[in-house]
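S.K.: Residue numbers (this note's numbering), protein chains in the order written: chain A, 1 to 410; chain B, 1 to 186; chain C, 1 to 170.
Keep in mind that a hint or two might mislead.
A short, non-exhaustive set of chain B residues, derived as facing chain A with CB atoms under 7 Å [as the list claims (entries may be wrong)]:
no., residue
1, Ile53
2, Phe68
3, Phe123
Now the stretches of chain B that chain A is said to cover, found in silico as 3 or more residues with beta-carbon under 8 Å [said to hold, decoys possible]:
no., segment
4, 38-49
5, 58-66
6, 125-136
7, 172-182
Since the hints were made in silico from the structure, they are not lab data. Since the model is a prediction, treat every value here as computed from it, not as a measurement. All C-beta atoms, glycine included, are put in the ideal place defined by N, C-alpha and C.
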Amino acid sequence: MSAHIHLDEASIQKQTTTLNLGPTHPATHGVFQNILEMDGERIVSAVPTVGYIHRAFEKIAERRPYYQITPLTDRLNYCSSPINNMGWHITVERLLGIKTPKRVDYLRVIIMELSRIADHLVCNSVIGVDTGALTSFVYVFEFREHIYEIFEAVCGSRLTTNIGRFGGFERNFTQEAFDKINKFLEAFPRGMKEFESLLTRNRIFMERTMGVGGISAERALNYSFTGPNLRAAGVDYDVRVAQPYSSYEDFDFKIPVGTTGDVYDRFLVRNQEIWESLSIIKQALEKIAALEAADPSQKEVFYAPEADKYHLPPKEDVYTKMEALIFHFKMVMGEIEVLPGEIYSAVEGGNGEVGYYLISDGGRTPYRLHFRRPCFIYYQAYPEIIQGSLLSDAVVTMSSLNLIAGELDA
Amino acid sequence: MRPVQYNTNLKMVDLPEGHTGEGFFATSLNNVIGLARKNSIWPLPFATSCCGIEFMATMAAHYDLARFGSERLGFSPRQCDLLMVMGTISKKMAPILRQVYLQMAEPRWVLAVGACASSGGIFDSYSVLQGIDQVIPVDVYVPGCPPRPEAIIDGIMKIQELVGQESLRRRNSEQYKGLLESYGIQ
Amino acid sequence: MTHEQIIETLEAAFAGQLSDCDTAHGISSITIPAAANLKVLQFLYDSEDMQFRFLTDLTAVHYPNRTNEELCVIYHLHSLYLNKRLRLKLYVPVAAPKVFTASKLFSGANWMERETFDFFGVEFVGHPNLKRILNVDEMDYFPMRKEYPMEDPTRIDKDDEMFGRGGTIC
Numbered sequence: 001m002s003a004h005i006h007l008d009e010a011s012i013q014k015q016t017t018t019l020n021l022g023p024t025h026p027a028t029h030g031v032f033q034n035i036l037e038m039d040g041e042r043i044v045s046a047v048p049t050v051g052y053i054h055r056a057f058e059k060i061a062e063r064r065p066y067y068q069i070t071p072l073t074d075r076l077n078y079c080s081s082p083i084n085n086m087g088w089h090i091t092v093e094r095l096l097g098i099k100t101p102k103r104v105d106y107l108r109v110i111i112m113e114l115s116r117i118a119d120h121l122v123c124n125s126v127i128g129v130d131t132g133a134l135t136s137f138v139y140v141f142e143f144r145e146h147i148y149e150i151f152e153a154v155c156g157s158r159l160t161t162n163i164g165r166f167g168g169f170e171r172n173f174t175q176e177a178f179d180k181i182n183k184f185l186e187a188f189p190r191g192m193k194e195f196e197s198l199l200t201r202n203r204i205f206m207e208r209t210m211g212v213g214g215i216s217a218e219r220a221l222n223y224s225f226t227g228p229n230l231r232a233a234g235v236d237y238d239v240r241v242a243q244p245y246s247s248y249e250d251f252d253f254k255i256p257v258g259t260t261g262d263v264y265d266r267f268l269v270r271n272q273e274i275w276e277s278l279s280i281i282k283q284a285l286e287k288i289a290a291l292e293a294a295d296p297s298q299k300e301v302f303y304a305p306e307a308d309k310y311h312l313p314p315k316e317d318v319y320t321k322m323e324a325l326i327f328h329f330k331m332v333m334g335e336i337e338v339l340p341g342e343i344y345s346a347v348e349g350g351n352g353e354v355g356y357y358l359i360s361d362g363g364r365t366p367y368r369l370h371f372r373r374p375c376f377i378y379y380q381a382y383p384e385i386i387q388g389s390l391l392s393d394a395v396v397t398m399s400s401l402n403l404i405a406g407e408l409d410a
Numbered sequence: 001m002r003p004v005q006y007n008t009n010l011k012m013v014d015l016p017e018g019h020t021g022e023g024f025f026a027t028s029l030n031n032v033i034g035l036a037r038k039n040s041i042w043p044l045p046f047a048t049s050c051c052g053i054e055f056m057a058t059m060a061a062h063y064d065l066a067r068f069g070s071e072r073l074g075f076s077p078r079q080c081d082l083l084m085v086m087g088t089i090s091k092k093m094a095p096i097l098r099q100v101y102l103q104m105a106e107p108r109w110v111l112a113v114g115a116c117a118s119s120g121g122i123f124d125s126y127s128v129l130q131g132i133d134q135v136i137p138v139d140v141y142v143p144g145c146p147p148r149p150e151a152i153i154d155g156i157m158k159i160q161e162l163v164g165q166e167s168l169r170r171r172n173s174e175q176y177k178g179l180l181e182s183y184g185i186q
Numbered sequence: 001m002t003h004e005q006i007i008e009t010l011e012a013a014f015a016g017q018l019s020d021c022d023t024a025h026g027i028s029s030i031t032i033p034a035a036a037n038l039k040v041l042q043f044l045y046d047s048e049d050m051q052f053r054f055l056t057d058l059t060a061v062h063y064p065n066r067t068n069e070e071l072c073v074i075y076h077l078h079s080l081y082l083n084k085r086l087r088l089k090l091y092v093p094v095a096a097p098k099v100f101t102a103s104k105l106f107s108g109a110n111w112m113e114r115e116t117f118d119f120f121g122v123e124f125v126g127h128p129n130l131k132r133i134l135n136v137d138e139m140d141y142f143p144m145r146k147e148y149p150m151e152d153p154t155r156i157d158k159d160d161e162m163f164g165r166g167g168t169i170c
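With the hints as extra help, turn the sequences into a complete structure.
M.R.: Below, the structure written as structure tokens:
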């Protein structure tokens with residue numbers, strides 16, 4: 001900074017401009033409003049407003065029987081909805097004391113890791129889009145279509161999957177589903193390498209993202225960050241390792257950790273998590289093959305036998321037999337036995353620890369269901385992160401935090 | 001004197017199409033302008049939630065929306081023809097949606113994508129607007145939760161039909177003005 | 001330290017003030033008096049053996065049947081050092097729902113407390129900006145309380161009669 005023109009601190013009157021980075025904006029992915037006080041191009045302060053897509057999930061959950069809450073959990077983090085569904089099922093299974101067989105756990109792990117890959121692909125390609133690199137976005141979405149096809153083969157739906165039942169899955173994975181998973185595992189590494197070659201050592205991308213939007217580990221922990229944002233700041237807290245669920249303790253994977261917590265670190269952490277997820281899926285397929293080789297009857301296991309009275313009967317029976325129809329109706333309408341109790345259970349979602357705090361009073365519907373939504377909690381730190389940065393850096397920071405509006409507002 | 005014989009066999013025939021109403025030049029002009037407009041719609045994606053992700057999949061290479069002329073997505077309402085509302089609109093968001101609609105210039109069309117935009121969807125709660133047609137007039141509704149990209153493309157094709165067949169005078173007609181009056185839009 | 005040892009350490013420090021200590025599904029729940037919440041949180045934060053320095057969640061529950069104790073504010077804490085979770089509960093009456101804010105200790109509690117205020121009306125004393133966060137600012141009631149319905153109360157096309165909730169057809 002040149003020092004030959006020196007003005008005293010209060011000698012010129014300075015005004016800050018108010019800029020409304022409004023709820024409808026091409027670069028805020030999701031409906032977030034930030035009222036920024038700008039000093040030229042630098043941000044002095046920011047006041048975020050949320051709630052533009054508040055759909056009252058917790059109030060709705062008090063009126064819905066347990067099976068009807070699964071579609072509600074879909075719409076929390078809709079980029080990786082199977083993780084939310086399975087988190088909910090794991091919560092209720094823990095409350096009911098149901099233990100799922102290993103094959104079910106491994107199949108669940110495959111689906112959860114696929115949806116984690118899908119979520120991270122969106123986030124990383126959108127960081128690219130916000131810095132102007134649209135190509136990687138289009139390349140990466142082809143692989144998301146492959147993941148959608150796998151979900152379709154398992155549960156019938158692409159995005160908001162409503163996958164699984166209490167105790168496992170609704171039907172066994174077909175050979176077609178396994179073929180699609182294998183094809184994905186062969187084709188995806190090439191696509192991921194292409195994506196990385198476009199952005200990771202790209203000089204423009206690095207200069208746009210390094211040193212931008214950083215947060216220290218102490219501040220991140222104080223703000224209750226979880227997920228890739230916390231790991232980029234240097235803390236290796238991952239719910240899959242700390243409180244393993246769905247047999248994650250059987251898998252061998254690394255947790256990537258960054259140093260400064262800036263946008264580049266988050267990008268790298270997410271990329272590395274995609275590679276780790278691929279390795280986890282390979283290990284899960286091998287373990288399933290080993291289970292089936294040891295005991296061929298395992299091929300038909302897709303839900304926990306002790307969860308029989310919580311498992312909707314197969315659709316062929318529902319449409320032809322009377323008992324199955326009545327059973328199906330009663331379960332969906334909530335005539336299932338859930339003893340009173342209170343539980344908090346968390347899974348590692350695409351953005352961090354997705355927690356379900358369920359209080360049941362023995363009735364058809366939960367007495368209280370609270371979702372611990374990671375996006376809501378770490379978006380509080382956004383004004384502190386962007387203070388003093390440029391407007392374009394604020395935009396890139398917002399997209400690197402992977403804010404999903406549905407999860408933020410619930 | 002011979003009695004007067006009036007010719008009572010009269011055959012009434014309509015004037016050929018184009019000679020009544022707007023006239024010959026106007027109907028051909030309608031077709032040409034409709035053709036040009038429908039193949040170059042500039043959409044404004046108003047993506048709020050899950051349907052927005054399916055829209056991103058529709059814009060991506062697999063189900064390319066650019067084939068239909070919607071290559072250029074605009075984010076400024078002043079420059080766009082088609083307001084695609086994708087996702088749940090809550091009561092907090094409704095005034096903003098209305099403001100964006102008011103900023104669009106005629107002729108403008110609205111596509112409500114998904115169950116939440118059409119009628120509130122599965123969220124029948126105190127904070128969700130039960131359908132965007134409570135605040136703005138809608139042309140095409142695409143049901144689904146979320147609708148498959150093929151369904152979104154079907155909705156766009158129906159919008160294209162509407163655009164192609166729209167008469168040049170529609171936006172000044174009494175019926176259209178009455179529609180806007182019922183929404184409180186001048 | 002096991003869950004029992006954590007509860008014992010807390011009981012030793014706050015003799016007589018804790019009640020309803022319970023360990024189920026891998027997490028201990030402890031009920032503390034409403035006025036002591038900051039002291040307990042600070043104790044758990046500063047303790048070198050326990051180090052509960054991560055606030056996982058903050059929410060509330062409405063129990064209309066417990067007179068004078070209707071609103072229950074719940075803190076979920078996590079100790080990364082011990083890898084254990086802890087749940088603290090405190091009860092406040094709905095007529096005077098005042099609780100001291102934890103946002104000085106945990107910056108993450110800021111919006112969590114605003115959300116609890118928005119839904120239940122719990123007033124956090126000392127909060128820097130206690131306004132509604134998710135609902136519209138003009139809303140004048142606290143929607144998650146049990147007396148309010150899920151649907152918009154001003155709707156005229158969906159009435160209780162059709163859905164078996166009172167009305168004339170039962």
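S.K.: Hint by hint, note whether the structure agrees.
M.R.: Here's how the hints hold up against the structure:
For the restraint placing B/Ile53 at the interface with chain A, the shortest Cβ-Cβ distance is roughly 6 Å, inside the 7 Å limit, so the hint holds. Checking B/Phe68 against chain A by beta carbon gives a least distance of about 17 Å; that is not within 7 Å, so the hint is violated. The criterion of a C-beta within 7 Å of any C-beta in chain A is met by B/Phe123, whose closest approach is roughly 4 Å, and the hint holds. Taking a C-beta to C-beta cut-off of 8 Å, the segment 38-49 of chain B contributes 3 residues in contact with chain A, enough for the three needed, and the coverage statement holds.
Coverage of a stretch by a chain is defined here by at least three residues with a beta carbon nearer than 8 Å to that chain's beta carbons; for the segment 58-66 of chain B and chain A the count is 3, and the condition holds. Against chain A, the segment 125-136 of chain B contributes 4 residues with a C-beta closer than 8 Å to a partner C-beta. That satisfies the three-residue criterion, and the hint holds. With 0 residues bearing a CB less than 8 Å from a CB of chain A, the segment 172-182 of chain B misses the requirement of three and the coverage assertion fails.
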